[in-house]
Structures are given as structure tokens and as C-alpha cells.
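Using the hints, position chain Z against chain R.
These protein sequence lines are chains R and Z, in that order. Start counting the first sequence at 1; every next residue gets the next number (the numbering used here). Start counting the second sequence at 115; every next residue gets the next number (the numbering used here).
Keep in mind that the hints were calculated from the coordinates and are not lab data. Incorrect hints may have been included.
Unchecked claim - When the alpha-carbon atoms are kept at most 27 Å apart in a straight line, the in silico BS3-like pairs for lysine-lysine are as follows:
(1) Z:Lys-676 - R:Lys-43
(2) Z:Lys-282 - Z:Lys-125
(3) Z:Lys-390 - Z:Lys-282
(4) Z:Lys-210 - R:Lys-77
(5) Z:Lys-259 - Z:Lys-390
(6) Z:Lys-356 - Z:Lys-390
To be verified - Some residues of chain R that are not near chain Z, with every Cβ distance over 12 Å (derived):
(7) Leu-2
(8) Phe-10
(9) Asp-13
(10) Ile-35
(11) Ser-40
(12) Ser-50
(13) Gly-51
(14) Asp-52
(15) Leu-53
(16) Pro-74
(17) Arg-89
(18) Pro-96
(19) Leu-97
(20) Glu-99
(21) Cys-112
(22) Ala-113
Note that CB positions come from ideal geometry on N, CA and C, so glycine has one too.
Spelled out, the chains give:
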Amino acid sequence: MLTIEKLNDFGADTQEGLGRCYGNEALYLRLVGMIPAEASFDKLQGALQSGDLDGAFEAAHALKGVLGNLSLTPMYKVCCEMTELLRARTEMDYTPLLEALLTKRESLAALCAD
Amino acid sequence: MKNYMTASGIKRRVLIVDDELINRELLGAMLSQTFEIETASNGQEAMMTLTQPDANYSLILLDLMMPVMDGFEVIERCQRDEVLKRIPIIVMTSEKSAEVRSIRMGAADFITKPYDMPEVILARCERIIELSEDKSIIRSTERDKVSGLYTRGYFFAYLQRMIPRLEKPMDALVLNLDRFHLINELFGRDEGDRVLATIGELISEKLSELRGIACRSESDTFFLFCERQQEYESLMEEMQSKLAAFAKSRSLRLRAGIYSCEDHESEPEAWFSRAKSACDRIRGQYGSLATRYNNELYERTVFHERLIGDIDDAIHDRNFVVYFQPKYRIQGERPVLASAEALIRWIHPELGFISPGEFIPLFEQNGLIRRVDHYVWRSAAEQIKRWREQYAMTIPVSVNVSRVDIFDPELEKKLCDILDEFSLTPDDLMLEITESAYADSADRLIEVVNSLRDTGFKIEMDDFGSGYSSLNMLTEIPIDVLKIDMQFIRRMLLDDKNLKLVRLVMDIAGFLDVPVVAEGVEEEEQLNVLRQMGCDIVQGYYFSPPLPAERFGALIEQECQKRGEASC
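Next comes chain R alone, as it looks inside the complex:
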């Protein structure tokens, strides 16, 4: 089961995230638990694979919003970087960034499933 301690170890700014939920721990953990299943991860991956930078930007931007709101800092940071690069339509290999993001997602999913 997901706990605040686990999230702290994960690197999330749980204090800030909880603050947005009026300190409601159950709500916060429930919302964080929805992250691994976020459809935008797959959209981002698919768009990047097909070279659709606009689609990738939209997905990254959307992810950035929710990750930021839940203060999942390690993922949020990667997402911000990708969003800015995609916004500028930078032609580059996004695989390392995407991998980094997806790895974090995997570990978050593992925390949830624990």
C-alpha cells in the first residue's frame, strides 16, 4: 500500500502535495495512485515513436500539470524538461528522457502495488 513515507523516499514533496489536498492524506494517496495508469504516458510514448512532436508536447504538458499538482518532483522535473524541448519542437532523441520518466512510473507503480 502506498504511504507518505514511501513517497518521501521516492522524492515527492509530500508536504506540498498534501497541502493542495487540505492535508487530506487519503485523497492525496488516492490521486497519486492514479498516476501509473495515466493515459498520457502512452500517448507521449506513441507520439514520440511516430515523430509527432505536437502530440508529444500535448501529452507531456498534460502530464506536467498533474505531476506538478501532486508534487511528484522526480517525475515532474523530467516532464518539465521534455515539455520545454517539445514546445520548441526540438528535433532530438527523446528516448533517454522518456525512459527516465517511464522508469519512475514503474517504481511508483511498484510502490502502489506493494
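Just chain Z now, kept in the frame of chain R:
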């Protein structure tokens, strides 16, 4: 008048538009304590929600980047719509350029992502709603210029919108000033307006605490609709002391009537008229500044409404029953049955016996007494005819002619039609009028009485001495009988003044050369005193209570026997 808009007893509706469920949930959690929250996951859904017939949103929180229809298009569409463009939009974005663009398009404000702490977001939403509502009110000049409160019309329109969303028990208050007209008269209109403005400010200051709305209804009457408070005395005392510090007049007093809105079924106007009646009740009573409209008062109102509603059935089903109280001549060897007075009784099929003291003043107030009177005239006439056929004796019956009847141009025709219907003469139906009719309109009364007497009717002055007695009236109105108010008779043996008054009325009657009827005679001693004084006719429980027609018939029968014996 700050903050009360978001603080008044309703939950405003906010639409959150975001494609991310997590964001919608987060914002929902932040705002749902204060607002009623609806959500949409894209622009198209948002437009559908906003154009529902019962949609009534105070704010839209709008994400910009969404599939199907993005936030910019939502702003554009809202701006094109006369109704929707009044709803303020706060955009949610992390892009600087988008902020500028959306504000140029008409958004009211923006919230950045990641979101600020909930308190900040909530405050922002409240501020934007308040600004927008203040703006719309200023735009449509919905404020009373003198007091700065709402106008009556806007107040009720606003209240109607609040009703479906009320969650807490509410009270309707009517505030009114004692002696306000004196301020205008003594110090001029400007001072009067200054007092009203001060009261407006005092009420405004309290609105956010009371979570209410207020208006000036008319002149010096203010309406306040707010969450129910334990008591209002302290509020009124506080306002009173502040008002006293402002106003030139010391005797100025602000009082409040309170109606607790238990059901939302009756019309808001009715709540305030009940509060008003409570407020009127303590006019000029220096002890109390606030009073609640009590249930007793409410039940009376309901009871009265019921009586008014049932009058048709009562006439149709003959639930009104006419009783007859005998009048005896007392100057001869033995008391002689001379005539009767018709008295109405209401035997209601569900409510049972209803006292005339309950329904007659009520029907006098609203004019329905005319129908009751007419019913009594007809019933009495019908009975006179029946007795005449049964006993070959005519018992003249006195009937009441109310104040409002005097103003009925058809009065005489109606009476004559009844006489014709039952083959009677004007002598048979004696008409009782009260001196209060003289106070209303002396000229009219004189004219009507003269005309009725010319036709042959006998006019009895009822309850003489009870109210507005004027000797002048007696010289102006030609009457045939003077009836002394029963209060004097009842007290005349207990109190010398009353006895003297009765004697005085006898003297007046003697001077006018008309007979006197003494009502309310209950004891033999009273009868003897009256006989000695020269009183002609007596009515009261000493002889008989008012009786139903059949039982009165027995008295006529007795009278016939006695007359028969005497003539033997």
C-alpha cells in the same frame, strides 16, 4: 458591502473544465466546501453543461489545452453569448503567453499550474465572483440610491435564485423605524435620507456575519434575509446605539420583526409580510427591539384565511344559523314580548362552533360582512313570515347593517327586495346601525338613514356610548331607537359612574323622544333599576339567551297564551 456576496447563505455553482481527472478532483476538493462543483472534461462538454436549462454558474475554471474543444474556443463561445459572457472565467495554465492571450479574449483571471495552496485558489475564486456580481449589479442599477442596499425588486429576484440552494435555516426580517416621519418633518428630507443611509450602512456591515442579503423595501422599511440567529436583540441594540450616535433625534428607534422560514413552499413575499406584522406589533413599545412572528399569530392568520375561504359554503349549506334573542317591554304590568334581535352563529362542519367575535371583525375588515349581513336579513325575514303564519303574530326583528353596507348604493333596494319576497313591510325589519359608521362618513350615513326612514324603516342606534359618541350625531341623524351599550348595563350596579351614564342616556332618549333598549340585562335588580329609570325595552339573559328559531317559537306561543288569558 464587501464579502457578503460570497458569504450569503447560498452555495454558488462553479464549473471545472479540465481533461485530467486528477486536476478536477484536486480542484473539486479545494472548492467543494464553499461552492457547488460541476465538472467537464473538455470544451464541448463544458458548453453542453453551460447551456442546460437549469445551468446557473457563478464561475468557470477552465483548462486551456484539452482534446475535442480547447479552452480558447470555450472563451470565444462564451463571449459571443449574452448570458454566458456574464460568467467570469479563470483559466488554468502554466504558459505565460497563454495567460495574456486568454485575458485579452475576456478571461477574468488565471491560476497557474502547479496550483497554489487551496486557500489562495479559493480566495481568488471568491474575489472574481464578487467583482463580477458587484459589476453586474452596478450595471443594472439594482441598488437603492439612498441606502446602498438592493432594491426591493432585485432583492426578491435574488432571493428566488437562492431558495433552491439554501442549506441552512433562514429568517426573514423586517426592520422599521418608529417615528421616522417626524425626522422628515422636523429636520427635512436630507436628514431623513441621511438616517436611511446610516441604517443601510449598519445593515451592510452585518451582512457577511449574518450571511444574508438586504434591501430597502419602501420608505423606512428594510428587508433582511439571513441565516437563522439565536437571537436578534443584541444585533438590534448594537444598531440602535450606533444609530442614536448619528441621528439628531433621540426618539428614533429601529425595531425588527422576524419570521422563521420553515417551509420554502409559501412565497417569499408572504414571509416578509408575516415578519412585518410582527414588527408592527412592537411599534412604540420601548421594551423590545425585536420580536418573532409567533405560531399563534401564524395560526390565526391561517385560521382566518380558512374562514374567508369557507364563507361561500357556509352560506350555501346554511352553516350560518340565525339565532333570535327576545326583547321585552317592561313598563306594563307584565313584561311583554315585543320583538327580537337576529344574531348570527356559525356552526362549521369541521371546526364546530365559531364565535361571532372571531369572524365578524374579520369580515368587517375585508368587506365580506356584506354577504353575511344579507344572509341574515333574508333569514330573519323568512322567519318573521313563518312565525306570522304559525302564530298569527308579527315579531319585528332587528338586523345589523354594517358600516360597509352604508356605502352600498344598492342597500335600500336589497332590503326592499327581501321585504317583497316575504310579503313584509319595513316596520317588520328593524335596522341597527352603529355610531362607528358616523365616524367614517357622517354625510353618507345621514343621507342613507334619511332615505331608509322615508321608506318606512325603523333605525336603531346600536351600542350607544361604546365608542365615538357624539351628541351632535344624535341631532343630525334621525333615529327611532337608542340601544345602550351592554357594558354600561353590566357595570351600572357596581359603579356609580356607569349608573349615571345610563341615566344620562335615558335623559337623552327622553329629550329625543325615542325609546331606549337596554342590552345585557342579566339580573332582576338591573331590570328593576332600569324600569324605574323609565327604560322601555330590555334584552338579555334575564329573559332569554339568543335562541334558535324553533325554540323562540315557544316564547311566541307563551305570549299568545298570556294575551289570550288577558283578553278573556
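(message) Just to be careful, I want the Cα atoms of Z:Lys-390 and Z:Lys-282 compared with a cutoff of 27 Å; is the pair within it?
(response) holds, 22 Å
(message) Confirm or reject: R:Ala-113 is not an interface residue toward chain Z, with every Cβ-Cβ distance exceeding 12 Å.
(response) holds, 19 Å
(message) According to the definition I'm using, a residue is off the interface if its beta carbon is farther than 12 Å from all beta carbons of the partner; does R:Ile-35 meet that for chain Z?
(response) The claim breaks: R:Ile-35 does not keep its Cβ more than 12 Å from every Cβ of chain Z (closest is about 8 Å).
(request) Grab the minimum beta-carbon distance between R:Arg-89 and chain Z and tell me whether it stays above 12 Å. (result) holds, 15 Å
(message) Quick check for students: does the CB of R:Leu-53 sit more than 12 Å from each CB in chain Z?
(response) holds, 15 Å
(request) Please settle this one: R:Gly-51 was flagged as non-interface, so is its CB more than 12 Å from every CB on chain Z? (result) It holds; R:Gly-51 is separated from chain Z by about 20 Å at its closest Cβ, greater than 12 Å.
(message) Tell me if the straight-line CA distance from Z:Lys-356 to Z:Lys-390 falls inside 27 Å.
(response) holds, 23 Å
(message) Given the hinted pair Z:Lys-282 and Z:Lys-125, is their Cα-Cα distance within 27 Å?
(response) holds, 11 Å
(message) Using Cβ atoms and 12 Å as the threshold, tell me whether R:Ser-40 really stays out of contact range of chain Z.
(response) R:Ser-40 not clear of chain Z: closest Cβ-Cβ about 8 Å, inside 12 Å.
(message) Would the non-interface assignment of R:Ser-50 survive a Cβ cutoff of 12 Å against chain Z?
(response) holds, 17 Å
(request) Mind verifying the non-interface call on R:Pro-74? Its CB should be farther than 12 Å from each CB in chain Z. (result) Non-interface label on R:Pro-74 holds, nearest chain Z Cβ at 14 Å vs cutoff 12 Å.
(request) Please settle this one: R:Leu-2 was flagged as non-interface, so is its CB more than 12 Å from every CB on chain Z? (result) holds, 15 Å
Hint compliance for this structure: hints 1, 9, 10, 11 are not met, and every other hint is.
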